[in-house]
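Line by line, the protein sequences are chains A and B.
Heads up: the first sequence runs through residues 1 to 133, numbered per this note's numbering.
Heads up: the second sequence runs through residues 1 to 341, numbered per this note's numbering.
Quick caveat, the hints were computed from the structure, so don't treat them as lab data.
A couple of the hints might just be wrong.
As the list claims (entries may be wrong) - Label-pair restraints from in silico Cβ distances:
id, chain 1, residue 1, chain 2, residue 2, range
1, A, A90, B, H319, 25 to 31 angstroms
2, B, S13, A, A15, 27 to 33 angstroms
3, A, E89, B, R61, 26 to 32 angstroms
4, B, E282, A, L117, 34 to 40 angstroms
5, A, R9, B, R61, 34 to 40 angstroms
6, B, R267, A, E63, 50 to 56 angstroms
Cβ atoms here follow ideal geometry from the backbone N, Cα and C, with glycine treated the same way.
One letter stands for each residue in the lines below.
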Amino acid sequence: VSVVSFTIRERQLEALGRSVEMGFVMRMRQFALVHFPAQTASLSPDDLDRLISHSIEAGRLLELRSARDLCRFFGLTLALGSEQPAWIEAAWRDPWISSPGARLDRIIGKILRQAELAEVNARMRAAFDCPAR
Amino acid sequence: MTSASALQNASQSAVSEPATPPDAIAVRCPLAQRKAIEVMVVDEEGQPLEDIAIEIAMSDRQVLLQRTAGNGVTRFERLVPGSYRLTLPLVDSDAWELIDSTPLAEPDSSGEAEWVEPPETPAPETYTVQLGDCLASIAYQLGFLPDTLWEYGANAALRDGVRRLHVVNPADIIHLPKLSRRDENASTGMRYKLRRKGVPERLRIRFVDYRLQPRAGTRFLLHVETASGNAVADRSGQLDGNGFLDVPIPPDALHGEVLLVDSAGEREEIEIDLGYVNPMNEVSGVQARLNNLHYDAGPETGEMNDATRNALKEFQLRHHLSVTGDIDRATKALLLKLHQS
Numbered sequence: 001v002s003v004v005s006f007t008i009r010e011r012q013l014e015a016l017g018r019s020v021e022m023g024f025v026m027r028m029r030q031f032a033l034v035h036f037p038a039q040t041a042s043l044s045p046d047d048l049d050r051l052i053s054h055s056i057e058a059g060r061l062l063e064l065r066s067a068r069d070l071c072r073f074f075g076l077t078l079a080l081g082s083e084q085p086a087w088i089e090a091a092w093r094d095p096w097i098s099s100p101g102a103r104l105d106r107i108i109g110k111i112l113r114q115a116e117l118a119e120v121n122a123r124m125r126a127a128f129d130c131p132a133r
Numbered sequence: 001m002t003s004a005s006a007l008q009n010a011s012q013s014a015v016s017e018p019a020t021p022p023d024a025i026a027v028r029c030p031l032a033q034r035k036a037i038e039v040m041v042v043d044e045e046g047q048p049l050e051d052i053a054i055e056i057a058m059s060d061r062q063v064l065l066q067r068t069a070g071n072g073v074t075r076f077e078r079l080v081p082g083s084y085r086l087t088l089p090l091v092d093s094d095a096w097e098l099i100d101s102t103p104l105a106e107p108d109s110s111g112e113a114e115w116v117e118p119p120e121t122p123a124p125e126t127y128t129v130q131l132g133d134c135l136a137s138i139a140y141q142l143g144f145l146p147d148t149l150w151e152y153g154a155n156a157a158l159r160d161g162v163r164r165l166h167v168v169n170p171a172d173i174i175h176l177p178k179l180s181r182r183d184e185n186a187s188t189g190m191r192y193k194l195r196r197k198g199v200p201e202r203l204r205i206r207f208v209d210y211r212l213q214p215r216a217g218t219r220f221l222l223h224v225e226t227a228s229g230n231a232v233a234d235r236s237g238q239l240d241g242n243g244f245l246d247v248p249i250p251p252d253a254l255h256g257e258v259l260l261v262d263s264a265g266e267r268e269e270i271e272i273d274l275g276y277v278n279p280m281n282e283v284s285g286v287q288a289r290l291n292n293l294h295y296d297a298g299p300e301t302g303e304m305n306d307a308t309r310n311a312l313k314e315f316q317l318r319h320h321l322s323v324t325g326d327i328d329r330a331t332k333a334l335l336l337k338l339h340q341s
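Pulled out of the complex, with its shape left as it was, chain A reads as follows (with noise of 0.2 angstroms):
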């Protein structure tokens, strides 16, 4: 029986490293483009691509760290523009949530259902003759 062996070098894993995450960075774009068409519309290619590297760099910073959650930040922070509900900066350094990933569940489903209950509420309101609030 022969056995082949092979070495890795840390250069090729750190240059597969960087291919790996050129691919992400482009996917992001994509993303930007297809789910957020307004929001990105009046930004050039590179100012496209500077705010997804500054949303990398944000989300490690709160230590997001797989390409989900990299992702669904990214999301968020497109979703939400500059302004950003107080409660957001507090959910971030919540101590009963112990994992940055369910920090950004929360904070996302929490937008979500306060979405979904304007709009009940707003249907209700419509019932009794009121505008939305």
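Chain A is already provided as a structure; the job is to place chain B on it using the hints.
Then chain B, alone, in the frame of chain A:
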């Protein structure tokens, strides 16, 4: 497309991204089977409770912490199959109970749960009552049952024999016992349903017309805002046969707006500051109750004045009490009874 719906679509789409860092080139071992534990927290009426902290512990120094979502549920994933300790770390052991456990029909997950040390947050020893607080809202926010705080030995001064049950005033100091902890055994592949006791509170208001006849059948729309800022679904319905609006509300409800629409289409909007009625041993508490019962005591100044005396006389006359214009014992007792708080 609204930002919220774009966010929802984007979040679903992001799930196709790998759960590993963007520069990761490792592949997880497919043999490392992982399971989940799901926990749901409901109130005493079975309604889901949001933002309740849940802890799953592997040991005293290795825990996972999450909060319940709007549907009252949270899921702990990527657990090595086995048994763990489950608790509500911010709720006293008397204030919750395990009511149900059912198998979780969910696929296995992969990866590793990120265990952390439990946070060291100093427990407050006292709470100073603010305007708008009531014992129920304080107890809910601090994880107790109202009775636990009321009966606590160090709070004997609150139970001075004059006050009614659970009445607290602004600037009162409430001493807080140490939260007692209780763990339940929780196995992977199971869903546990927990009940938070002492929740919800009820909002009960009686509406009468100018002849003091109940406005039975009048349609209402109620909007409530909470101290936590959590959104609450509006409620609509009809006042019951005695003119009562009687609905559950979160204990931290701060403010309400009621829209009444009668059969002729007449509309009336009423704003309510919840927890703002002072106790009966204060003139402002008497004024508030007289006003709420449609006796015009004027602004709730806390000063005994002509408007308050006249309202008291009108109240006493209508209810066949001695017409003195004073806040005597019989008047106080009947005011409390009719106001129901």
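Hints violated by the structure (numbers, ascending): 1
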